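**Student:** Chains as they are written, first to last, in my numbering: chain A, 10 to 322; chain B, 10 to 322.
Because the hints were derived from the structure by calculation, they are not lab data. Heads up, some of the hints might be wrong.
Claimed, not checked - So the derived label-pair ranges between C-beta atoms look like this:
#	chain 1	residue 1	chain 2	residue 2	range
1	B	N282	A	E93	49 to 59 angstroms
2	B	Q114	A	K182	29 to 39 angstroms
3	A	Q320	B	Q301	44 to 54 angstroms
4	A	N257	B	G265	26 to 36 angstroms
5	B	K18	A	M278	26 to 36 angstroms
6	B	N282	A	E85	52 to 62 angstroms
7	B	E106	A	M10	51 to 61 angstroms
To be verified - Dumping the calculated SDA-like pairs for lysine to any residue here, alpha-carbon to alpha-carbon at most 20 angstroms:
#	chain 1	residue 1	chain 2	residue 2
8	A	K18	A	L154
9	A	K292	B	F22
10	B	K27	A	L165
Stated by the list, open to error - Quick partial rundown of chain B residues pointing at chain A, CB under 7 angstroms, derived from the structure:
#	residue
11	F90
12	L154
13	T207
14	K214
15	I215
16	F219
17	I222
18	Y226
19	N229
20	I236
21	Y240
22	D266
23	I267
24	P285
25	Y287
26	E289
If you're wondering where the values come from, they're calculated on a predicted model, not measured in any experiment. Virtual Cβ for every residue (Gly too), placed ideally from N, Cα, C.
2 protein chains.
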Amino acid sequence: MYLNSFEKKIFNFIKTYKIFKKCDKILIAVSGGKDSMTLLNVLYKISKINDYKLGVAHFNHKIRKESEHEEKFVEEYVNKFGLEYHYENFDIIRYSEDSKISIEQAAREKRYEFLFNIQKEFKYDKIATAHHLNDVTETLIYRLLRGTGIYGLSGLMPVNEKLTRPMLTVTLKDVEDYVTINKVEHVVDSSNFSLEYTRNKIRHKIIPEFDGIFDNYENNILTLQKILWEYRNTVEKEFKKRVKYEKNEYIYEIKGDIFDSEILRLIFMKNKNYPPNYEETKKIINMGSKKQRKIYNFLIFKNKRHLHISQLK
Amino acid sequence: MYLNSFEKKIFNFIKTYKIFKKCDKILIAVSGGKDSMTLLNVLYKISKINDYKLGVAHFNHKIRKESEHEEKFVEEYVNKFGLEYHYENFDIIRYSEDSKISIEQAAREKRYEFLFNIQKEFKYDKIATAHHLNDVTETLIYRLLRGTGIYGLSGLMPVNEKLTRPMLTVTLKDVEDYVTINKVEHVVDSSNFSLEYTRNKIRHKIIPEFDGIFDNYENNILTLQKILWEYRNTVEKEFKKRVKYEKNEYIYEIKGDIFDSEILRLIFMKNKNYPPNYEETKKIINMGSKKQRKIYNFLIFKNKRHLHISQLK
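Could you build all of it, start to finish, from the sequences and the hints given here?
**Tutor:** Next comes the structure, spelled out in C-alpha cells:
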C-alpha cells in the first residue's frame, strides 16, 4: 500500500504516540465536512496496512435544513466502503433551550454522549475525531486568554483514554490540499454552525494574523505541544509516585516544587471538580501544620509537610 | 508614606519576588517615556520606605532629532530629585551598519552593555527596567510563534541576576491611568522607534484583538507566567540535584521525565550556545549506550543511562 507524504505523516504520528494498536476497532466521527472525510479516507488506507476495523458515527444536530442531505451523503459514502455505520438525530436547539445551555455546549455534550454510547455498545477500542493542528493553536490561544496553568496548556491530546486525534500533526492547509489533490468528496462543513463568539474571534480574527510572522509557526506550536504532552505525563507519573489513597483520603508530601500544586489541582479534576485557582492553591500549599481549609466539599488538612485531602459526604 | 493601589501592587510584587533588598542601590533605565518615568516615580516613593539608593541611566541612541531633547528632559528631571545620573550617546545607526545587524538588535545590545557597565563601575546592586504585563504577553506570543519549549515560555523574569523588572505585574493601561492621574511628566516614548516587523505586528495587530475576548485576560497570563517562573526554578533545582561537573564534563542520569531534555538544553544555554532542537534533543536522550553525538563543539557520550557532555577545545 503506497502512502503519500500527508498520509505518511498521520501514519507516523499514530505509531509514535501509540494511538491505535494493530487490529483495533475504531469509530470515526464523521460530519461529512473536509476534515472528517479526510480522516475517513486516510484511516481507510492505513487500515489496509494495520488491519483496523472501521466504523463511522454521524450525529445529525437537526439545526439546519442541510442536515438531512449531509446525513444521506455520509451514509451513502460509508456504504460504498462497506463500513459499519451509526447515526443519531437529535434536536439540539430544543435541548439547549430546555437545559438553558448554549447551542455550542449542547451540541458538544450530546455529540460526545452519542459517540461514547456507540463505542461501548459496539465494543470499539477507540474513537477518532478529525481535530488538526489549527485546532491545537486555537485551543492554546483560547486557554491562554481564559486562564490556565502548564497542565491545561497541553490542550488537545493525541490519546485521552478512548478518545483519539490522529490528525493533530497536519494543518488545515494540508487537509485542504489533500482534499483538492485527491478529490475527496465532502459536504460544506457544518461543524462551525454554532461556534461561540470567543472561538470564532480566535479562529477568524487572531489566527489568520499569525500567518507570515514566522514561516511554519504551526510546527513550532506542534513542538511545544509535544513537550507539553510530556509534561502532562510527568505530572501523572509524579502523582502516582507521591500520592497515596487510603481510607477515602488522598495523602501526599509537599516537596517545594511545581508538582505540589499540579497534584493538588489534579485531585480535584480527577473528582470532576474545577481545581482551586492560583492564589487558593498557593494558600493551601503554604498553610501551616495542623491547619485546614475547605474548598467545595473537599476538606484539606495539613500535618507537618503532608496534605490530607478528603471529600465530605 | 501613603501608596496608592498601583504603587502598592508594585510594592507587593517587589516583596513577593524578592526583587530588591532594603538599602539596595538600584540603577533605573529611563528613556523618558511613560513606562520608565512611571517606574522612576514609583521606585522613588518606595525608596522612602525601603531606603533604596536610586540612580538613573539614560541611553541616547542618536537615531532621531528628538533624542537631544529627551536627554535634556531626563537629566533635568533627575536633577530635581537629586539622584545619580548616567548617560551615554551612541551612534546606533552607524554601529548597526558596520556590524551588519538590525537597528533593533544593535540598540538592545548597546543599551544593555551600557547598563551593565554603569552597574559594575558604580557598584549598583540591581538594574531595573520598565517592562510591564503587555510586554509579557507580547513576548509570550512572540516565543510561541517563533518556537519554544516550556522553559522558554517563562519569558521575562522579575529577577534575572542583576536585571530586574518590578513592573511586570501592571498593564500598559494601568501605567497610562497612573500617568494621567498623577500628571507624570514624560516625553513621547521613543522606545518603539526600531521595533522590528514581527514585534510590531504582535503589538499592534494581534494583542489589541485579545481585548474583549476574556475580561482581564492579562491577569490570566500573569498567573500562567508565575507558574512558568516556578517551572523554571524547578528545572534549575533539578539541574543542581542531578548534574555533576567533573573534569570539564557534565554528567547526569537519564530518568525518563521531562527534565532529561530541559537539563540538556540548559547545559548548552549556560555555555552561551543555542540548545539543540526538539528532534535532536530526543535523539540524544534516546541514543544507545556507548553511542556518541557531536553538536557544535560539544561531544555527547552515553554510558548506560548516563550522559557525558564535554566541550571540545
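**Student:** Against each hint, give a clear statement of whether it holds in the structure.
**Tutor:** Quick rundown of the hints versus the structure:
For B/N282 and A/E93, the Cβ-Cβ distance of about 55 angstroms falls inside the hinted range of 49 to 59 angstroms, so the restraint holds. B/Q114 and A/K182 have their C-beta atoms about 31 angstroms apart, which keeps the hinted 29 to 39 angstroms range intact. Distance hint check for A/Q320 and B/Q301: the Cβ-Cβ separation is about 52 angstroms, which falls inside the suggested range of 44 to 54 angstroms. With their beta carbons about 32 angstroms apart, A/N257 and B/G265 fall inside the hinted range of 26 to 36 angstroms.
Against the hinted window of 26 to 36 angstroms, the Cβ-Cβ separation of B/K18 and A/M278 comes to about 31 angstroms, which satisfies the hint. Our hint of 52 to 62 angstroms for B/N282 and A/E85 holds, since their Cβ atoms are close to 59 angstroms apart. In this structure, B/E106 and A/M10 meet the distance hint of 51 to 61 angstroms, their C-beta atoms being roughly 58 angstroms apart. For the hint pairing A/K18 with A/L154, the CA-to-CA distance comes to about 31 angstroms; that exceeds 20 angstroms, so the pair is violated.
The hinted pair formed by A/K292 and B/F22 meets the criterion: a straight-line CA distance of about 17 angstroms does not exceed 20 angstroms. A threshold of 20 angstroms between alpha carbons decides the hint, and for B/K27 with A/L165 the separation of about 36 angstroms lies outside it, so the pair is violated. With a least beta-carbon distance of about 36 angstroms to chain A, the hint placing B/F90 at the interface is violated under the 7 angstroms criterion. Hint status for B/L154 relative to chain A: holds, with the closest Cβ pair at about 4 angstroms, below 7 angstroms.
This hint holds: B/T207 has a C-beta 5 angstroms from the nearest C-beta of chain A, less than the 7 angstroms allowed. The interface hint given for B/K214 holds, since its Cβ lies 5 angstroms from the closest Cβ of chain A, which is under the 7 angstroms cut-off. Of the supplied interface hints, the one on B/I215 holds, with its beta-carbon coming within about 5 angstroms of a beta-carbon of chain A, less than 7 angstroms. The criterion of a C-beta within 7 angstroms of any C-beta in chain A is met by B/F219, whose closest approach is roughly 6 angstroms, and the hint holds.
The beta carbon of B/I222 is positioned within 7 angstroms of a beta carbon in chain A (closest approach about 5 angstroms), and the interface hint is therefore held. Given hint, B/Y226 at the interface with chain A, holds; its Cβ is 4 angstroms from that chain's nearest Cβ, closer than 7 angstroms. For the restraint placing B/N229 at the interface with chain A, the shortest Cβ-Cβ distance is roughly 3 angstroms, inside the 7 angstroms limit, so the hint holds. Satisfaction of the interface hint for B/I236 is found here, the shortest Cβ-Cβ separation to chain A being roughly 5 angstroms, below the 7 angstroms cut-off.
For B/Y240, the interface hint holds, since its Cβ comes within 7 angstroms of a Cβ in chain A; the closest pair sits about 5 angstroms apart. Residue-level restraint check for B/D266 holds (minimum Cβ-Cβ distance to chain A is 5 angstroms; threshold 7 angstroms). Of the supplied interface hints, the one on B/I267 holds, with its beta-carbon coming within about 4 angstroms of a beta-carbon of chain A, less than 7 angstroms. The interface hint given for B/P285 is broken, as the beta carbon of that residue sits about 12 angstroms from the closest beta carbon of chain A, more than 7 angstroms.
Of the supplied interface hints, the one on B/Y287 holds, with its beta-carbon coming within about 5 angstroms of a beta-carbon of chain A, less than 7 angstroms. Contact between B/E289 and chain A, as hinted, is not supported at the beta carbon level, the nearest pair being about 12 angstroms apart and thus beyond 7 angstroms.
The structure fails hints 8, 10, 11, 24 and 26 (numbered hints given earlier, in ascending order).
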